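Assemble the complex: chain A is given as a structure, and chain L must be docked to it using the hints.
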Amino acid sequence: MAEIKLEKLTKRWGDFIGVDNQTIHIHDKEFFVLLGPSGCGKTTTMRMIAGLEEPTDGEIWIGDRMVNDELPKDRDVAMVFQNYGLYPHMTVYDNIAYPLKVRKTPPQEIETRVAKAAEQVELTEFLDRKPKAMSGGQRQRVALARAIVRTPLVFLMDEPLSNLDAKLRVTMRAELKHLSHELKITTVYVTHDQIEAMTLADRIAVMNHGVVQQLGTPDEIYNNPENIFVASFIGSPAMNLIQGSLLDGWFVTTGGTKLTRVGGGDKERVVLGVRAEDFIITDAGQGDIDVPVYATENTGESVLLTIQFGKQRVSAKGDRHLDKKIDDIVGLKVKPEHLYLFDPVTEKRIRPGQ
Amino acid sequence: MTGKQKKQFWNALQVILILTAAFIMLIPIIWIFLAAFKTHVDVYQLKVFFTPTIENFGTVFESPYHLGDKLYNSTVVAGVTVLFAIPIATCAAYSFSRFSLTGEMTMLVMILATQFVPAVVIILPFFVMFRDIGLLDTRLGLILINLAIVMPFAIWMIKGFIDGIPIETEEAAMVDGSTRIQVILNIVLPMAAPGLFTAGIFCFILAWNEFLFALILTNKDAVTLPIGLALFKAEEGDLWNLLSAAGIIIMAPMFVLALIIRKHFVQGMTMGAVR
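Protein chains in written order, with this note's numbering: chain A, 771 to 1124; chain L, 4 to 278.
Chain A with its partners taken away, still in its complex shape:
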């Protein structure tokens, strides 16, 4: 049981900045997700917590210990790697038992603990196999079992699901969630998959260029993005970002279309963020504006329309029974309570009253 405190943590390789002076506090028993595109510093941050990477600057605290100078083995963490990092020359049993063996746990206890861990990830019948003879999902379970066989202070998971196929990923995601609920151990989870982040996390830190862009609950991240990066990174399809200006409280697109009222004031350049599901698709003439359909995609659960919006294209999500064809004219309305205004220069959110 431990909280993790990263104080002004920095990692540089020569001129390249991996993690830039970040302070993050991860609460005890929290499932904390580091989310971001590749190269954003999320994995580096995790590797510094594990002790596999040495910070250039700053402090790492696990519980009440400053662990900067401690070897990985002394930090009392367990880690699950993207490509599992199993020991191919050992059986599944020996793989799971390794962390206990190397810490000189009594043989009797090793046996019971391995049996329990194997049961938790449903591997009991495979204990005699070598990793080579197992599928990707099973290997991932072995890696998980090896992590949970001990009771570490912290779990670290580095994109543990990204090598699995889509279907298995969804199943394993649920299993992970169940497992973390059962174990109640502080977990840091690295992913570039926003759905994984949204579904698993208690709190998410969205990172880019070595800097945390926003830190909050999945709900806050989704519904209250701080800047353009967070807004466009979270959500599928990505949030529509419409260039335009603010004229007496109305948002006017660069093409000159007056779209909707978003607050007060004038501003020469703003970006309006609208999620696809926050558009209401109506018949022509019944919305705020009429626009032609550029493409339609039926995903089964809904129909996604790509709409030619002046010079830009936006996507709008409609009911699955929506029957529109390419070049049809549809009406578009926005839900005013779900609009986001951003400053195109600073890329920061412009909040009403600012």
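Hints in this document: simulated from the structure, not taken from any laboratory.
Careful: at least some of the hints might be erroneous.
Stated by the list, open to error - Computed, partial: chain L to chain A, Cβ under 7 Å:
hint	residue
1	T23
2	I168
3	P193
As the list claims (entries may be wrong) - Computed beta-carbon distance windows for the label pairs:
hint	chain 1	residue 1	chain 2	residue 2	range
4	L	V112	A	E1047	58 to 66 Å
5	A	H797	L	F200	49 to 57 Å
6	A	E1047	L	M108	49 to 57 Å
Only a predicted model underlies this, so the values are computations on that prediction, with no experimental measurement involved.
All C-beta atoms in this analysis are idealised placements derived from N, C-alpha and C, irrespective of residue type, glycine included.
Just chain L, lined up with the frame of chain A:
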């Protein structure tokens, strides 16, 4: 001819060509093999059918040839060379593979570059040095020379095998609670074992067949098998039957070893060589 017959014809032709080529290449060895079982008189006739004798294999171990001593020398020299070469090379290879060392590439190239120097160029300095420090005609001297010869190969080869081990496996072991030494002993060595084995046999073959240094640096006590072959020159000419018997004794272990490692050999060579 139908398509199937055509294919069979080409396959047969291929086999015949390969066998012919192999036969041509193996002629000297076949000749030696036959000669080893012939009497001194029979050797000079290209008879394929003759009454075989195994007398030659006895004679070479007797006085004045004492091939047994040379066999012992060769075994000790090659064996001890491997015994030292592999652990040392493994340490070096691990460091090269896993740590970023200053001047890493330069060092690696220089290690390999020692192999570019023709042996004849450095053999006289070696002779003089060995004479001065009393290593001439000693097995220890030969072991040192052979170590210098096999180490570059061993380091490059083993580095290739260690490079092939995913770094995550080692990192996992470290997070799981191992020290660096435990990682090497518990994870790296077992995983690289086939590579170490292959490298060991490769080094053994190199040391076993080493000729030039042994020729110059030994004359009596530390003479190895390849040099021992020169013994079979007598007043009545070259004793080809004895020479062949000794040749077989030298080659036999190499054939066995080659069979053992043939599976790993190509892989080991390319893995070490390409990087």
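Here is what the structure says about each hint:
1. T23: Status violated, d = 41 Å.
2. I168: violated, 9 Å
3. P193: holds, 5 Å
4. L:V112 x A:E1047: 58 to 66 Å: holds, 60 Å
5. A:H797 x L:F200: 49 to 57 Å: Roughly 51 Å apart at Cβ, these two residues keep to the hinted range, so it holds.
6. A:E1047 x L:M108: 49 to 57 Å: Cβ of E1047 (chain A) to Cβ of M108 (chain L): about 55 Å, so the range 49 to 57 Å holds.
Comparing the model with each numbered hint stated earlier shows that hints 1 and 2 do not hold.
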